[in-house]
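Below, each chain spelled out in residue letters.
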Amino acid sequence: MTAPQRRVLETVTGPDLLDKIHRALDRCWAQHRDVPASIRMTVATGVAEIAANIVQYAGGRRPVPIRMDIEVMQHQVKVVFTDDGEPAAVDLEAVSTPDALAKRGRGLALATAVLDELSYLRRENHNQWTLISRTFG
Amino acid sequence: MRGRGREPAEFPTRITGDGVVVVAPRGRLDLPVAAGLSKQLIGLVDAGHTRVVVDLSAVELIDSSGLGSLVAGFEAARDNGGDLKIMSPTEQATLVMELTNVNRVLRTVTSPETAFDDQK
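Protein chains in written order, with numbering that gives the first Met the number 0: chain H, 0 to 136; chain S, 0 to 119.
Chain S on its own, in the form it takes in the complex:
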């Protein structure tokens, strides 16, 4: 949507020594910022970063729009031979992923360094 109150800058990103890209949204991951996160995640995948971890530790609330952005990033990664995983979800994020069955496709990992050990 245009003209949102919190049209986001890109969320902080870092790349591990193994080439895993970690995206760390902050605050509320909801309607005003979800489209921006989708765009950022798909852009990272298009740039070749197909192993993605989204760190949710600083997300105070995630809504269905935010879940949709994570799913969009997951599909982009999978379509390009990679994967997207979740790290450090809050209690609220865990609840909404379980209630919507998104936890069946978005796996939670404990660290980016070991997130893709099953694919080595």
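The following block holds chain H by itself, in its conformation from the complex:
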């Protein structure tokens, strides 16, 4: 692999968003068979949590435009979600794993734990989530 390779998915939030996102990841892995299974697993796990968060909170019942950029570099995979939804009321610094018997509230804690980097920015009218998993190569 000599240069970063990027794939882009542009769609709107809705019932089939998670299917579309996982299909986009599968297409990416098909083109990048050198990405180890462990990295594919952590990326898919982190992406599932952040995408579910966007589906639930960014638009509520309203579909909002969303873009997913997948970038495969020599030693990492980076996924950036950009959506036009409501600001996410999150403080990633304050995320902690809930009690083992909690029925909800694990999503961001799991994403934070499984990824090497997770960040959230509100820029103008957009939410931007950046997910990074590394190291391989």
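Check each hint, because a few of them may be wrong.
The calculated label-pair distances, taken between Cβ atoms and stated as ranges, are [what the hints assert, rightly or not]:
{"id": "1", "chain 1": "S", "residue 1": "D116", "chain 2": "H", "residue 2": "R60", "range": "43 to 51 Å"}
{"id": "2", "chain 1": "S", "residue 1": "D117", "chain 2": "H", "residue 2": "L100", "range": "29 to 37 Å"}
{"id": "3", "chain 1": "H", "residue 1": "H74", "chain 2": "S", "residue 2": "T107", "range": "16 to 24 Å"}
{"id": "4", "chain 1": "H", "residue 1": "R103", "chain 2": "S", "residue 2": "G18", "range": "29 to 37 Å"}
Straight-line alpha carbon distances no greater than 20 Å define the calculated EDC-like cross-link-like pairs of lysine to aspartate or glutamate that follow [unchecked claim]:
{"id": "5", "chain 1": "H", "residue 1": "K19", "chain 2": "S", "residue 2": "E59"}
{"id": "6", "chain 1": "H", "residue 1": "K102", "chain 2": "S", "residue 2": "D45"}
{"id": "7", "chain 1": "S", "residue 1": "K38", "chain 2": "S", "residue 2": "D78"}
{"id": "8", "chain 1": "H", "residue 1": "K102", "chain 2": "S", "residue 2": "D78"}
{"id": "9", "chain 1": "S", "residue 1": "K84", "chain 2": "H", "residue 2": "D33"}
{"id": "10", "chain 1": "H", "residue 1": "K102", "chain 2": "S", "residue 2": "D82"}
{"id": "11", "chain 1": "H", "residue 1": "K77", "chain 2": "H", "residue 2": "D33"}
{"id": "12", "chain 1": "S", "residue 1": "K84", "chain 2": "S", "residue 2": "E74"}
{"id": "13", "chain 1": "S", "residue 1": "K38", "chain 2": "S", "residue 2": "E74"}
{"id": "14", "chain 1": "H", "residue 1": "K102", "chain 2": "S", "residue 2": "E97"}
{"id": "15", "chain 1": "H", "residue 1": "K102", "chain 2": "S", "residue 2": "E74"}
Everything labelled a hint here was simulated from the structure, so no lab data went into it.
We put the CB at the ideal spot given by N, CA and C, even for glycine.
Please arrange chain S on chain H, whose structure you already have, making use of the hints.
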């Protein structure tokens, strides 16, 4: 959530000779299907099947919603004098259960036939 893309039918279920109910979800156990699994597990417990094994061997990805459904089933079983255990988790399922400490309450077993030997 209503109007999901993969609003599920019930997941396959079988009952062993010892009366242990085995539920075997398939595919992704995530937001669109998690509420359905919770409902199914609680329904089984309410119907008297309080010893439950969830076979995760065919689950390609489980997210926090899926974990929540397993915990809901576990609590329902425990509240009714039973238990819910996990069988054949994939590497991904094992990872997420460990990272969220859910493995401290959901025990993994090797077969439904021996899953509840400690309670005999």
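Hints and how they fare:
Here the CB-CB span from D116/S to R60/H is close to 48 Å, well matched to the stated 43 to 51 Å. Here the CB-CB span from D117/S to L100/H is close to 20 Å, at odds with the stated 29 to 37 Å. Look at H74/H against T107/S: about 33 Å separates their beta carbons, and that is not inside 16 to 24 Å. Checked against the hint of 29 to 37 Å, the C-beta distance between R103/H and G18/S comes to roughly 31 Å, which is consistent with it.
Between K19/H and E59/S the alpha-carbon distance is near 16 Å, which keeps this suggested pair within the 20 Å criterion. A C-alpha spacing of about 19 Å is found between K102/H and D45/S, which places the hinted pair at or below 20 Å, so the restraint holds. Between K38/S and D78/S the alpha-carbon distance is near 15 Å, which keeps this suggested pair within the 20 Å criterion. The suggested pairing of K102/H with D78/S holds, with an alpha-carbon distance near 15 Å, which does not exceed 20 Å.
Proximity of K84/S to D33/H is assessed by CA-CA distance (about 36 Å); at most 20 Å being required, the pair is judged violated. Distance check on the hinted pair: K102/H and D82/S sit about 16 Å apart at the alpha-carbon level, within 20 Å; holds. About 15 Å separates the Cα atoms of K77/H and D33/H, which keeps this hinted pair within 20 Å; it holds. Between K84/S and E74/S, the direct Cα distance comes to roughly 11 Å. Compliance with the 20 Å bound is thereby established for this hinted pair.
Taking the CA atoms of K38/S and E74/S, the gap is about 13 Å. The hint holds against a cut of 20 Å. Restraint check for K102/H and E97/S: satisfied, since their Cα atoms lie roughly 16 Å apart, inside the 20 Å limit. Restraint check for K102/H and E74/S: the C-alpha separation of about 10 Å stays at or below 20 Å, so the hint holds.
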